[in-house]
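Taken in order, these protein sequences are the chains called A and B. In terms of the numbering used here, the first sequence opens at residue 1 and continues consecutively. In terms of the numbering used here, the second sequence opens at residue 1 and continues consecutively.
Take the hints with a grain of salt, since some may be wrong.
[As the list claims (entries may be wrong)] Pairwise CB distance ranges, derived in the manner of DEER restraints:
| hint | chain 1 | residue 1 | chain 2 | residue 2 | range |
| --- | --- | --- | --- | --- | --- |
| 1 | A | Gly23 | B | Gln229 | 25 to 35 Å |
| 2 | B | Gly47 | A | Thr50 | 37 to 47 Å |
| 3 | A | Arg78 | B | Thr238 | 18 to 28 Å |
[Unchecked claim] Taking lysine to any residue and the SDA-like style, the derived pairs with C-alpha atoms no more than 25 Å apart in a straight line are:
| hint | chain 1 | residue 1 | chain 2 | residue 2 |
| --- | --- | --- | --- | --- |
| 4 | B | Lys124 | A | Leu4 |
| 5 | A | Lys49 | B | Ala146 |
| 6 | B | Lys100 | A | Met1 |
| 7 | B | Lys69 | A | Gln107 |
Hint data in this document are derived by calculation from the structure and do not stem from the laboratory. We treat Cβ as the ideally placed atom computed from N, Cα and C, and that holds for glycine.
Take a look at the letters that make up each chain.
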Amino acid sequence: MNNLLSAASIEQWPAGRTLFREGDPVRDVYVLVSGEVDLVFNARRGAHKTLRGSHPGEIVGLSDAVSDTPHDCTATTRTPCTIGTLPANELRRLLHESPSLWLTVLQFLSNDVNACYDSMRSVAGLR
Amino acid sequence: MPSPYNLDLHNTCVDCTVRAERLFCNMSPASISAMETVKFTGVYPKGSLLFVEGEQPRGVFIICSGRVKLTTSSTEGKTLIVKIAEEGEVLGASATILGKTYEVSAETIEPAQVNFIKRDDFLKFLNTSPEACMHTAQQLSEKYHAAQREIRTLGLAQTTSEKLAKLILDWCARNGEATPKGVRLKVLLTHEEIAQMIGTTRETVTRLLSDFKRKKIIDVKGSTLLVLQKEELEEIVTV
Chain A
1 MNNLLSAASI
11 EQWPAGRTLF
21 REGDPVRDVY
31 VLVSGEVDLV
41 FNARRGAHKT
51 LRGSHPGEIV
61 GLSDAVSDTP
71 HDCTATTRTP
81 CTIGTLPANE
91 LRRLLHESPS
101 LWLTVLQFLS
111 NDVNACYDSM
121 RSVAGLR
Chain B
1 MPSPYNLDLH
11 NTCVDCTVRA
21 ERLFCNMSPA
31 SISAMETVKF
41 TGVYPKGSLL
51 FVEGEQPRGV
61 FIICSGRVKL
71 TTSSTEGKTL
81 IVKIAEEGEV
91 LGASATILGK
101 TYEVSAETIE
111 PAQVNFIKRD
121 DFLKFLNTSP
131 EACMHTAQQL
141 SEKYHAAQRE
151 IRTLGLAQTT
161 SEKLAKLILD
171 WCARNGEATP
181 KGVRLKVLLT
191 HEEIAQMIGT
201 TRETVTRLLS
211 DFKRKKIIDV
221 KGSTLLVLQK
231 EELEEIVTV
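The following block holds chain A by itself, in its conformation from the complex (with noise of 0.2 Å):
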């Protein structure tokens, strides 16, 4: 992860700013250094529920960056915040230059999956 934080710019954001939009084509990823980020899906007739959650550690929109799809959620900072933003670009340079960090990315995506199916067992109410 500090491979990504030393490339990445550090702010602090306040609660309820939004990272991106669902929708939206890919311009960064996120790397949540501390603090809590609200994933909320919207359905067609104007409903929204926040449905994950993102917690200090993850990388926020990665799965996007990777496939190069539009966000599929919209990210909002549910507390203040600290996020290295990366720009997707920067992160497929650092990728192609450094291929070890693959294994890292792997990681993260892994846990990302992993943490979808935990969302997935609570929303259908087997937890």
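Here the structure of chain A is known, so what remains is to put chain B in place on it, guided by the hints.
Positioned in the frame of chain A, the structure of chain B alone reads:
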């Protein structure tokens, strides 16, 4: 001699004729040759458990042919199907990479050919091949987005009818065959399994499918489901 379960077997990855169509396997000859040396090929009948939720990770499974359902269960025995994995997908990668227990169980829902790579060998493969890392990252990303779509449906759909309509529309988009009468789908899942995909009971699925049939939105004959009025399903879906 006929192949097991009449599967079109892919005996070697290097000579595999469908490799170029598969996101993970479509690697350079050098990487695929390296994978060839560490993979074990297995052929499984329907209903085989590849791995079980909570089990220590033994390695990754690459589906060469057939389909596999990924499920998670509560301590009370309630089961949710998180995904129906298809040919070309890699299963168990997150557990294998993190060294944590499998988060889901994987069971074949039809005869399948599956390649297995032991955990140590897979980690070594990743350490020596940035290309394999990139392809694994794409697989993880695909799993992530599929899970996010399920979370959206489970969390935002207001009725079970809407969840079922959404599931049928997803099938139409993925595997539907356009016919003059409507979109034809081959559904090999039982009502119980469909219920486990949308977090409801078998009885509710049976009742809702009957409702859709009575309203002439769908028609069902054996394992063939014909969507007669796709727009009616779209009207039900809000997510």
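Check: Can the suggested window of 18 to 28 Å be confirmed for the beta-carbon pair Arg78(A) and Thr238(B)?
Finding: Given range 18 to 28 Å: holds, Cβ gap about 25 Å.
Check: Is the hinted range of 37 to 47 Å satisfied by the C-beta distance from Gly47(B) to Thr50(A)?
Finding: With a Cβ separation near 38 Å, Gly47(B) and Thr50(A) satisfy 37 to 47 Å, so the hint holds.
Notebook entry, point to check: Given the proposed pairing of Lys100(B) with Met1(A), does the C-alpha separation stay at or below 25 Å?
Noted result: holds (19 Å)
Notebook entry, point to check: Given the hint that Lys49(A) pairs with Ala146(B), does the C-alpha gap stay at or below 25 Å?
Noted result: holds (18 Å)
Margin query: For the hint 25 to 35 Å, verify it against the beta carbon of Gly23(A) and that of Gln229(B).
Written below: holds (28 Å)
Checklist line | 25 Å Cα cutoff - pair Lys124(B), Leu4(A) | finding: holds (23 Å)
Notebook entry, point to check: Going straight from one Cα to the other, do Lys69(B) and Gln107(A) come out at no more than 25 Å?
Noted result: holds (24 Å)
The structure agrees with every numbered hint stated previously.
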